[in-house]
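Line order of the protein sequences matches chains A and B.
Using the numbering used here, you'd call the opening residue of the first sequence number 12 and step up by one each time.
Using the numbering used here, you'd call the opening residue of the second sequence number 12 and step up by one each time.
Pairs count within a copy or across copies, as identical chains cannot be separated in the list.
Here are the simulated SDA-like cross-link-like pairs (lysine to any residue), alpha carbons at most 25 angstroms apart as the crow flies: (1) 162 with 68; (2) 162 with 33; (3) 162 with 116; (4) 247 with 134; (5) 207 with 232.
If you are wondering where the hints come from, they were derived from the structure by calculation, not from laboratory data.
Number of protein chains: 2
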Amino acid sequence: MDRVKKTKIKATPRMSRVTIIDVAEQAGVHWSTVSRALNPAKRHLISPEMIERISACVKRLGYRQNAMASALRTQKTRTIGVIVSNLGDPIHPPIVRAIEDRLGEIGYVVFVGNTDNDSMREAALIDRFISQGVDGLIVATFKLKDPLVDKCLLAGVPTVAVFRDPERPEIPSVRVDDAEAMARAVRHLVELGHRKIAHVGGPQNLSTGRNRYRGFRKACKTAFGADSEVIAKFGKAFTVDEGHSACGELLDQHRAITAIVAGNDMLAIGCLSAINHRGIKCPGDISLIGMNDMLFMDAVYPPLTTMHTPSRELGLQAANLLIDMIDGKKIEKGRHILASNLIIRSSASKPN
Amino acid sequence: MDRVKKTKIKATPRMSRVTIIDVAEQAGVHWSTVSRALNPAKRHLISPEMIERISACVKRLGYRQNAMASALRTQKTRTIGVIVSNLGDPIHPPIVRAIEDRLGEIGYVVFVGNTDNDSMREAALIDRFISQGVDGLIVATFKLKDPLVDKCLLAGVPTVAVFRDPERPEIPSVRVDDAEAMARAVRHLVELGHRKIAHVGGPQNLSTGRNRYRGFRKACKTAFGADSEVIAKFGKAFTVDEGHSACGELLDQHRAITAIVAGNDMLAIGCLSAINHRGIKCPGDISLIGMNDMLFMDAVYPPLTTMHTPSRELGLQAANLLIDMIDGKKIEKGRHILASNLIIRSSASKPN
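My request is simple: use the sequences and hints to build the entire structure.
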């Protein structure tokens with residue numbers, strides 16, 4: 012085994028770096044002793060003198076442990092894959108950042124891939140990550156009842172859903188209480204005196220889109236009675252453009268509305284642009300509440316009242332769950348749900 | 012070799028998936044024939060009938076190529092590492108996104124790491140990426156004359172600098188013409204009639220910070236004479252907070268200034284907050300121009316006049332250069348410099 016490995020290493024250019032075999036030769040020991048000396052979990056098996064001798068050789072030769080070789084020994088690559096729809100959407104970078112911070116602390120490196128919510132790209136990316144031997148996956152793109160969950164389960168790769176919840180009991184998910192966030196936004200508008208409130212929502216095949224609409228509808232029924240009309244338009248995606256067109260239709264068809272709860276801040280920015288485009292005033296004529304509290308929502312005009320999503324906390328909790336799963340610890344498989352807080356700025360006021 | 016590998020594979024849980032050996036046994040051929048059939052570059056060496064027979068076995072067994080095993084054969088991991096200071100800074104996600112899009116097209120997966128401009132974290136991350144066997148690195152964090160460039164060169168890993176230029180001839184860099192961008196901003200303000208223009212710049216140990224200041228200074232000297240005073244304050248980082256405090260000092264010490272050119276949009280948003288904080292009007296009392304044209308700079312108040320950085324193009328060009336380097340093609344090692352365009356919005360107007 013030792014001999015085979017050595018031959019292989021010498022035969023190839025990338026491996027012409029210093030190897031564990033070179034260290035072993037210098038120290039005059041078997042390579043497995045070097046391996047033990049370098050492994051914190053097994054170091055106690057050998058003498059302190061031997062550790063010192065090997066350390067000196069490691070330093071002298073400038074040996075760096077090779078992750079590929081280590082992966083073949085330990086069956087862990089210390090890599091994980093993170094899948095988001097679009098890094099350019101400001102909700103995702105803080106989540107990815109938190110995951111990388113947490114996993115970086117314990118020596119993991121993080122693959123990141125974008126899918127634009129295209130199921131084919133998602134499947135291909137999961138395949139590539141699995142084929143790279145990732146120890147786990149954190150997925151922010153699962154749709155409701157997403158069959159791609161089966162792909163991950165079948166491959167036996169520990170998987171955590173973050174932000175969007177596929178609602179599959181086999182894997183844990185970390186998300187905010189989307190329904191309650193929208194209900195809170197509606198209650199704030201009702202308290203301000205609004206009676207005609209509409210929703211500009213996102214895709215209904217995503218937990219985020221569906222749960223936020225459900226929360227909106229339920230809060231309206233509670234405030235205005237079970238028979239009250241529920242006014243909503245849905246974008247095909249959570250984007251500024253979709254928010255602009257959905258809000259445009261809404262304003263053209265329902266002239267009595269005095270407030271809008273948007274399914275997220277991207278949609279809200281699109282609503283603002285549609286409102287401005289028509290010469291309507293926000294908050295004077297139409298109040299607006301967003302969701303997520305993305306970067307710069309305090310600097311837009313008018314500063315956006317929105318529901319704050321604790322993005323960093325979502326990333327950290329997802330990373331911690333995944334670490335426990337990789338380490339074989341027992342974890343709670345269900346939903347891990349964090350609260351959103353109302354951030355009052357200037358886009359929602361009393362109706363005229 | 013064949014036998015050793017097989018034994019190892021059978022001995023470990025992760026490797027208990029279907030292997031190339033299983034496919035070879037089913038097809039009744041040597042595993043190297045299967046390997047050739049699956050490699051587009053070598054497929055022509057075997058008969059179409061054999062390819063068909065092997066493909067059928069691959070499908071029947073559900074074999075997926077294992078990247079680690081493939082890496083040991085080809086000495087390519089088809090992974091690359093991307094290093095940014097902070098994914099939460101909106102300038103970086105579009106660059107990373109473009110790199111992932113381009114490399115994803117040809118089957119690469121992308122590691123991403125954040126360093127907060129901490130040299131220790133940068134060194135550790137480069138080590139981890141190299142130890143993972145990345146085929147190349149794209150680094151957006153190099154400081155001027157950064158010794159970390161040597162680490163990459165020494166490891167023999169193809170490396171491209173993006174956005175920030177370490178000004179080391181050994182590696183290619185892709186960036187915008189920072190000096191000319193600032194000069195263009197100054198000329199726009201001069202054309203509007205401003206005569207007292209100040210700079211709120213970034214760290215001077217970064218090419219971005221230094222070249223933008225140089226471009227600002229040169230354009231002022233050209234406009235107002237070689238003996239004219241150059242007014243500038245520098246943030247310790249390109250952040251909103253640093254922009255706020257640097258602009259605050261500036262406004263307190265130089266009451267005659269009528270315009271500010273900020274080193275980037277983050278600093279500009281900080282300037283806006285300092286301006287508002289003092290009850291000064293932008294653009295009425297102070298005109299402001301930013302740099303980069305980050306997401307939402309059209310939605311802030313007042314909509315920010317800024318120099319547009321073609322972030323996606325930077326990422327694509329860096330990815331293309333790296334691909335050529337990995338493929339052993341001859342590339343131009345020098346600086347690849349893209350232009351910035353002035354985007355006129357509402358934050359800069361004629362002085363009062």
